[in-house]
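Dock chain C against chain P, hints included.
Chains as they are written, first to last, in this note's numbering: chain P, 1 to 217; chain C, 1 to 46.
What the hints contain is simulated information worked out from the structure, not anything from laboratory work. C-beta: ideal position from N, C-alpha, C; glycine also. Be a bit skeptical, because a hint or two may be false.
Claimed, not checked - In silico contact screen, one side only, chain C against chain P (beta carbon under 7 Å); selected entries:
hint, residue
1, 8
2, 13
3, 34
4, 38
As the list claims (entries may be wrong) - Taking lysine-lysine pairs in the BS3-like style, the calculated list, with each CA pair at most 25 Å apart, reads:
hint, chain 1, residue 1, chain 2, residue 2
5, C, 27, P, 203
6, P, 92, C, 4
7, P, 60, P, 203
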Amino acid sequence: MLPALAVVLFATAISLIFFWVPDDAEDPAQRIFYFHVPIALTAYTCFGWGAWKALRVLWKRDERADVESYVAIHQGTIFGALTLATGSLWAKATWGHWWLWSSRQLTLFLVLFLFYCAYFMLRFSVEPGPRRANLSAVYALFGVVLTPVSFLAIRLAEDFIHPTVFTRDGPQMTASMFTTFCIALAAMLSLFATFYSIELAGKRIDSRIRELRELLS
Amino acid sequence: MSEKYVAAADLVVFVAVLVYVVIIGTKLTRLETALAELVERVRERG
Numbered sequence: 001m002l003p004a005l006a007v008v009l010f011a012t013a014i015s016l017i018f019f020w021v022p023d024d025a026e027d028p029a030q031r032i033f034y035f036h037v038p039i040a041l042t043a044y045t046c047f048g049w050g051a052w053k054a055l056r057v058l059w060k061r062d063e064r065a066d067v068e069s070y071v072a073i074h075q076g077t078i079f080g081a082l083t084l085a086t087g088s089l090w091a092k093a094t095w096g097h098w099w100l101w102s103s104r105q106l107t108l109f110l111v112l113f114l115f116y117c118a119y120f121m122l123r124f125s126v127e128p129g130p131r132r133a134n135l136s137a138v139y140a141l142f143g144v145v146l147t148p149v150s151f152l153a154i155r156l157a158e159d160f161i162h163p164t165v166f167t168r169d170g171p172q173m174t175a176s177m178f179t180t181f182c183i184a185l186a187a188m189l190s191l192f193a194t195f196y197s198i199e200l201a202g203k204r205i206d207s208r209i210r211e212l213r214e215l216l217s
Numbered sequence: 001m002s003e004k005y006v007a008a009a010d011l012v013v014f015v016a017v018l019v020y021v022v023i024i025g026t027k028l029t030r031l032e033t034a035l036a037e038l039v040e041r042v043r044e045r046g
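Isolated chain P, as found in the complex (with noise of 0.2 Å):
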């Protein structure tokens, strides 16, 4: 069911993209807006899973939510990569640089990414156990943090380079904009609820067949 919605509504999206919302007369790469902001935004709603997996771990101490809060996060980091990439393909067609370190929204973006990719290399270096379920529990929750820092940042810039699209005032965009802003952005997160439900069956048979190979020894 998940992998059909995301299907149909990719294919919306992309249609609506190329099709039906208007040129930007003042940015023609606008059109990347429709991939690289829903992008960033599942990127937060995956680190923001993860955390709430892991306030469970430490909180109702369910085992199960560990591995849960791994994927999320996992997946999390791969969506920010994403966001960096298509960010930085933005940042080169209208502003004629791939990179500004000037600009807090994007280096603080990069900051969370580092954290999330630190993650792992904390998780796989302590043994399997619940010694490195707490700690990645711990490490998911102080990451958390940074996310509205980094969502808010574009706010909070003095330089202005960054475009703030949603205001006090609502969306800066035309009806068609957003609904296609919209679409694409439910094409996203049903990417990730896709990825993440398949990740995890993978991983829970893995552990399920690590199990019996021990039983069987």
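For chain C alone, coordinates are given in the frame of chain P:
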């Protein structure tokens, strides 16, 4: 000029999804092999 950057962004997303699907496919094959090996061991035990 800007079209090539839009196309590159689309391509990056497409390639990422493709690579992910290939990795998951490889993992599924590995799991299938491991499962077949375990079934064989259980059969041998009678």
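Taking the hints in turn, this is what the structure says about them:
no., hint, result
1, 8, "holds (5 Å)"
2, 13, "holds (6 Å)"
3, 34, "holds (5 Å)"
4, 38, "holds (5 Å)"
5, C:27 / P:203, "holds (10 Å)"
6, P:92 / C:4, "holds (11 Å)"
7, P:60 / P:203, "holds (21 Å)"
In this structure, every one of the numbered hints holds.
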